Structures are given as C-alpha cells and as structure tokens.
Amino acid sequence: MTTTNQVAIEAVGLVKKYGSTTALAGVDLSVPTGTVLGVLGPNGAGKTTAVRILGTLLRPDSGHATVGGYDVVREAGKVRSIIGLTGQYASVDEDMSGRRNLIMIGRLLGYSRTQARARADELLERFELVDAGDRIAKTYSGGMRRRLDLASSLVGNPSILYLDEPTTGLDPHARNGVWETVRNLVLDGTTVLLTTQYLEEADALTDSIVVFDKGSVVANGRPAELKAQAGKQSLDVRPAEPAHLERVAAIVAESVGTRPSVDVVNTLVSVPVTDGSSMPVVVRRLDEAGIAVTELSLRLPSLDEVFLALTGHTAEEKKSDAVLEGASR
Amino acid sequence: MSTATLEPAAHRSRPFAWVQQSLTLAWRNIVRIRQNPEALADVTFQPIIFLALFLFVFGGAISQGGGWRGYLPQLLPGLLVQTVVFATMGTGVGLNDDFAKGVFDRFRSLPIARISPLIGAVLGDAVRYSLSITVLMVSGFVLGFRFDNGVGNGLLGMLIVLLFALSMCWIWVWLGLVMKTAQGVQGIAFLVMFPLTFGSNIFVPASTLPDFLQAFVKVSPITYLVDTERALMSGGALQKPLLITLAWMVGLVAVFAPLAIRAYRRRT
Ligand SMILES: Nc1ncnc2c1ncn2[C@@H]1O[C@H](COP(=O)(O)OP(=O)(O)OP(=O)(O)O)[C@@H](O)[C@H]1O
Ligand SMILES: [Mg+2]
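Going line by line, the protein sequences match chains A and B.
Per full-length UniProt numbering, residue 1 is the first one in the first sequence, and the count goes up by one each step.
Per full-length UniProt numbering, residue 1 is the first one in the second sequence, and the count goes up by one each step.
It is possible that part of the hints are untrue.
Claimed, not checked - DSS-like mimics (lysine-lysine), calculated; alpha carbons at most 27 Å apart, straight line:
| id | chain 1 | residue 1 | chain 2 | residue 2 |
| --- | --- | --- | --- | --- |
| 1 | B | Lys180 | A | Lys138 |
| 2 | A | Lys17 | B | Lys101 |
| 3 | B | Lys218 | B | Lys240 |
| 4 | B | Lys101 | A | Lys138 |
| 5 | A | Lys17 | A | Lys214 |
| 6 | A | Lys17 | B | Lys180 |
| 7 | A | Lys227 | A | Lys214 |
| 8 | B | Lys180 | B | Lys101 |
As the list claims (entries may be wrong) - If you want the footprint, here are the derived chain A segments under chain B, 3+ residues with CB under 8 Å:
| id | stretch |
| --- | --- |
| 9 | 52-66 |
| 10 | 85-97 |
| 11 | 102-116 |
As the list claims (entries may be wrong) - What follows is a set of in silico ranges between Cβ atoms, one per label pair, in the way DEER data are often shown:
| id | chain 1 | residue 1 | chain 2 | residue 2 | range |
| --- | --- | --- | --- | --- | --- |
| 12 | A | Asn43 | B | Ala52 | 54 to 60 Å |
| 13 | A | Asn43 | B | Val192 | 39 to 45 Å |
| 14 | A | His64 | B | Lys240 | 55 to 61 Å |
| 15 | B | Leu23 | A | Glu180 | 33 to 39 Å |
For the record, the hints were derived by calculation from the structure and aren't laboratory data.
Keep in mind the model is a prediction, meaning the values are calculated, not measured.
Ideal Cβ placement from N, Cα and C applies to all residues, glycine included.
Sequences and hints are given; from them, build the entire structure.
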C-alpha cells in the first residue's frame with residue numbers, strides 16, 4: 001500500500017450552526033495520508049467544531065466528511081477505530097490514577113489485561129508520567145493532565161490523530177516533548193490534524209496550514225508560503241515616553257520606508273521588515289533625536305499579523321477599533 | 001487522488017465486545033469508589049448514623065415499652081429501603097458529572113458500543129447499592145437483629161431491595177442526562193426523596209399518620225417494598241406487598257429506562 005497520493009481526511013462543505021451562531025460556514029479540508037495539517041485561527045473561528053465533527057463527536061448540519069475512507073456520520077464506528085482524539089479540554093477521569101485511565105482505555109479497545117498494562121507503562125514512560133502514574137489524576141497539574149490525555153488518545157495506535165491545541169498550557173520542555181512525539185508518530189506514518197494558536201508551532205510541525213476565520217477557510221498553503229504573504233519579520237520600538245510615539249513612528253517610517261502601525265494602548269510602534277538591516281539606522285536616529293526606548297526588537301510576525309496580512313482584518317478588529325476611537329476622542 | 005480505506009484492527013470487532021466494555025466501565029466506577037472513599041459516605045456512614053439515631057432517639061417512644069430492641073426488627077427493613085433509595089440518586093449525579101467533565105467525549109471517540117458506558121454506570125452502582133445493603137445489615141446484626149423468618153428469606157429480601165434500586169435508578173439516570181448540572185439533579189433528588197421515604201411506614205406504623213398522608217402511603221411503592229422486606233426478614237403477610245412491589249419495579253423500568261436511553265442517545 002503506497003501512502004502517497006492518498007487522502008486520510010477529506011471534508012466538503014461542512015456547516016455547523018449553534019442557534020444563530022455559525023460555527024462553520026462551509027469548510028473544505030483535505031489531508032494526505034502521513035502528513036500533518038495545522039489549523040490556525042483566532043478564538044471562536046470554528047477549529048474545535050471542525051475537530052469534533054471529524055472525530056464523530058458532532059454531526060454537521062450539512063456537508064460531509066470521510067476519515068480513512070469512512071463517512072464520519074454513517075460509519076462513525078469505523079472512523080472511531082482508526083482515530084485518536086485529544087480535545088481542547090482534557091477528558092481524563094480525574095478520580096482514577098493516570099495508569100488506570102490508560103489501562104481502562106486499553107481494556108475498552110479489547111486488549112488483554114497484560115497487554116493493557118504493558119501499553120499503559122509504555123505510554124507513561126513516553127510522557128514522563130511514570131512517577132505520577134499511580135496518583136489520582138485530580139492531583140495532576142494542567143500540563144500533566146494534557147499529557148495524560150494525549151497518551152490516552154494513543155493507546156489504540158491510531159493511524160489518524162486529532163490534537164486540539166495540544167500544547168496550550170504546557171511548559172517549554174513539555175511542549176518540546178509533544179512536538180517530538182508528533183514527529184515520531186508522523187515518521188511511523190500517522191496522519192495528524194492539529195489546531196494551534198501558535199504560528200511557530202504550525203511552522204515546526206506541519207506540512208500545510210489552513211487558516212480559519214469566522215467559520216471559513218481564509219487561507220491555506222505551506223507554512224513558508226503563508227509567512228511570505230505575511231511579511232517576514234517585524235521591528236518593534238517602544239518609547240519610554242508615550243508622548244514620543246508620533247516622533248518614533250516618523251523616524252521608523254523614514255528609516256524603513258514603510259509606514260508603521262502605532263499601538264497607542266501598548267505604546268508600541270511596529271513595522272514589517274524583510275531583514276534586520278534597518279535596525280542600526282533606527283537606533284542611530286533615535287539616539288540623535290534623544291528619544292529613550294524601553295524595547296527595540298526584531299521578531300517573527302505574530303499570528304495576528306499573519307491574520308492581518310491574510311484576511312485584511314485582525315482577529316480582534318472590532319475591539320481595537322473601539323480602542324482607537326476611545327483614544328482619539 | 002484515491003482515498004485510502006484503513007482497516008480497523010481485528011481485535012476490536014469481536015461479537016459481545018459490549019459485554020466486556022460494560023464490565024470494564026463498571027470496574028472503572030468501582031475503582032473510582034476505592035480511590036475516593038469519601039464519596040462513599042452516603043452509602044456507608046450515613047446508614048450507620050441513621051440507624052443509630054432512629055434506633056436510640058425514637059426507639060423508646062415508638063415501640064411503646066419495647067425499648068430500642070423492640071423497635072429494631074421494625075426499623076431495620078425500613079431503613080434498608082430508605083438507604084438504598086437514597087443511594088440511587090448518586091447514579092444520576094455521577095453520570096451528569098461525567099458528561100460535564102468530558103469523560104464521555106473520550107468514550108465516544110473510542111470504537112466501543114454506544115450503550116456500554118450507560119450499562120457500566122448502572123452495573124458499577126449495583127456494587128455501591130450492595131455495599132450499602134451489607135453495611136446496614138451488618139450493623140443491624142451487631143445490634144442484635146436476626147432473620148426471624150429464616151436466612152434464605154432474609155437474603156431474598158436483600159436481593160429484592162437491590163433489584164428495586166436497580167429499577168428505580170433509571171429515574172435518576174434520566175434526570176442526570178437531561179438536567180444541566182449535578183447540583184440540580186441532587187436538588188431535585190432531595191426534594192423527592194425526603195417526602196417519599198419519611199412519608200411512609202418506614203419509621204412509624206402508617207395507622208398513626210393523618211388521613212391525607214395515609215392516602216399517599218397507600219399508593220407509594222416504598223410502603224409495599226417495606227412491607228415485603230419486613231415479611232421476608234421478620235415474618236408477616238408477603239404475597240400482596242411482594243406482587244405490588246414487583247409491579248412497580250417493572251413499571252419503573254418500563255417508563256424510565258426508555259426515557260433514559262433516549263436522552264442518552266440524544267447526548268451521545
Ligand atoms: N455548544 C455550543 N453552543 C453554542 N455555541 C457554540 C458551542 N460550541 C461552539 N460554539 C460557538 O461556535 C463558534 C466556534 O467555536 P469553536 O469552539 O469551534 O472555536 P475555536 O476555533 O475552537 O475557538 P478557541 O480558539 O477559543 O478554542 C464560537 O462562536 C462558539 O461560541
Ligand atoms: Mg477550540
């Protein structure tokens with residue numbers, strides 16, 4: 001069986017409404033077998049809704065989807081036997097130990113007692129939960145819970161894995177651990193669909209990205225393509241005196257040749273740049289003008305800026321409009 | 001592009017897998033009890049405290065000269081009914097909690113029979129009910145209670161009260177599935193349980209109650225279950241109360257099990 005060219009997840013025109021809220025307004029997705037798709041989007045974009053439909057936990061109002069060739073509504077049982085799902089909020093049984101959580105799932109999947117125990121030990125090891133394995137999950141930290149949840153979704157060796165914001169709330173070490181796990185799973189041929197708020201994460205793990213906004217796909221492509229559309233880096237300057245904001249903006253505009261955006265609330269001037277070459281110029285001009293700054297940095301574009309570049313509006317446009325109105329009054 | 005059809009692992013598609021799945025989930029509920037003994041207070045300490053309170057506080061007054069020893073054969077079968085009936089509401093509260101905490105999302109994403117978690121919950125609670133029955137009977141024996149009508153009949157009485165609990169728990173399963181919060185379920189449960197068990201022949205002879213209460217006691221299933229238990233454990237007329245009790249059990253299951261299963265299907 002060749003895995004290239006085959007589609008593990010295919011969704012066409014998924015629509016889901018909650019009362020008057022449209023969570024998904026006709027979403028198409030296609031994930032080739034053995035690849036990682038990143039779903040990016042701001043709060044409320046519909047990421048979780050899409051994952052729950054593809055994971056058979058929710059029925060779409062219209063549209064359809066197949067996972068591993070099986071229809072998520074009509075053949076939900078078959079879909080469940082090939083997927084693993086780690087939801088946005090950990091769904092572990094808090095009143096049992098981590099080990100027992102994993103053994104229970106193994107038993108439900110039809111493993112013998114010995115097999116289920118062996119699998120639990122293996123996963124506890126892999127997710128660095130051996131020491132806490134026999135403690136009741138109620139006493140776990142948020143990050144430990146998430147790792148246990150992730151381990152739970154891997155008990156059955158799923159060939160297709162959904163991860164809804166798998167690293168939110170994890171410390172950098174644990175985050176690296178999850179990334180490593182995802183990479184190893186992909187090496188073994190697992191198809192992964194993960195949602196995230198972090199461009200960096202999508203960049204590090206995914207083969208392609210779709211960007212959701214208000215229930216629709218607003219962009220898709222390889223991580224590099226999306227970033228190219230968004231401008232490569234961003235230069236931030238934060239004056240010590242809020243009163244200097246206008247003058248700093250003018251200096252940055254002259255030095256870089258692009259008009260910067262001015263964030264009155266956070267006293268921040270930022271501008272997209274292709275590289276760091278304009279930084280010394282900005283530093284010199286500021287020095288000549290005698291303006292003290294508390295921050296001067298070059299960074300990758302934030303998700304919000306990618307958003308702005310891709311969609312023409314920010315994730316929280318209404319809110320920032322209101323702030324600007326307030327500031328100009 | 002062709003679509004790959006991935007084969008589900010063979011070990012997952014055995015016939016009767018749902019039996020083992022239900023047993024695993026029942027085991028889960030028992031493990032939860034073991035790891036969380038404080039959650040057991042309602043089926044362990046509560047019956048003991050109720051027994052001690054009613055026996056020593058009211059015993060002398062109610063048994064008219066017999067003292068608490070004379071009250072015990074009358075009280076214990078009644079208290080058994082009250083304890084078990086109270087324990088049934090835990091089933092609904094537990095289910096509601098599982099949904100709220102997302103545990104059911106995990107079950108639903110697994111290739112298991114849809115009904116297994118529900119059966120597992122009820123089976124696991126059967127263990128809880130059995131435990132409370134045992135705790136109460138052992139306390140009774142320590143205080144001098146005996147099966148005057150034979151051990152066989154006494155044990156049959158314990159079985160019938162357990163079966164009654166398993167019939168009645170469907171009310172709470174249903175409410176646990178349709179109500180929003182566990183606290184709400186608990187609130188309703190107490191509202192129903194107190195009048196139902198205290199407005200009965202459990203603590204005092206029904207003949208001492210005012211007319212309107214007697215009318216209620218005459219139709220309440222609790223009355224007939226209590227009479228059945230007294231007949232089996234201490235002696236007395238059995239046939240009529242037993243038949244009415246069995247009819248109630250069938251009725252409760254016939255009405256509330258389908259309601260509960262429908263609510264369950266709706267949520268899963
Ligand atoms: N059970 C529900 N009832 C009503 N509305 C809902 C429900 N679940 C989701 N929604 C709405 O659907 C929309 C999409 O929600 P969804 O959870 O899919 O977003 P998301 O992209 O996962 O957001 P987040 O990043 O905050 O997790 C939101 O507007 C949300 O309010
Ligand atoms: Mg979400």
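Distance restraint hint 39 to 45 Å, applied to the beta-carbon atoms of Asn43 (chain A) and Val192 (chain B)
holds (41 Å)
Are at least 3 residues of the stretch 52-66 of chain A within less than 8 Å of chain B when you compare beta carbons?
holds (count 4)
Should the hint that Leu23 (chain B) and Glu180 (chain A) are 33 to 39 Å apart at their CB atoms be regarded as holding?
holds (36 Å)
What's the verdict on Lys218 (chain B) and Lys240 (chain B), does the C-alpha distance respect the 27 Å limit or exceed it?
Distance ~13 Å between Lys218 (chain B) and Lys240 (chain B) Cα, so the pair holds.
Please verify whether Lys101 (chain B) and Lys138 (chain A) have alpha carbons no more than 27 Å apart.
holds (12 Å)
Quickly compare the C-alpha distance for Lys17 (chain A) and Lys180 (chain B) to 27 Å and report which way the hint goes.
holds (21 Å)
Hinted pair, alpha-carbon criterion (27 Å max): Lys17 (chain A), Lys214 (chain A). Please report holds or violated.
holds (12 Å)
Could one say that the CB atoms of His64 (chain A) and Lys240 (chain B) fall in the range 55 to 61 Å?
holds (59 Å)
Hint check: Lys180 (chain B) vs Lys101 (chain B), CA-CA at most 27 Å. Holds or violated?
holds (12 Å)
Could you grab the alpha-carbon distance between Lys227 (chain A) and Lys214 (chain A) and see if it respects the 27 Å cut-off?
holds (21 Å)
Taking 8 Å as the Cβ threshold, is the statement that the stretch 102-116 of chain A is covered by chain B upheld or broken by the three-residue rule?
holds (count 7)
Starting from the range 54 to 60 Å, see whether the pair Asn43 (chain A) and Ala52 (chain B) falls in it by beta-carbon distance.
Hint holds: Cβ distance 55 Å, inside 54 to 60 Å.
Of the hints listed earlier, there is not a single one the structure fails to meet.
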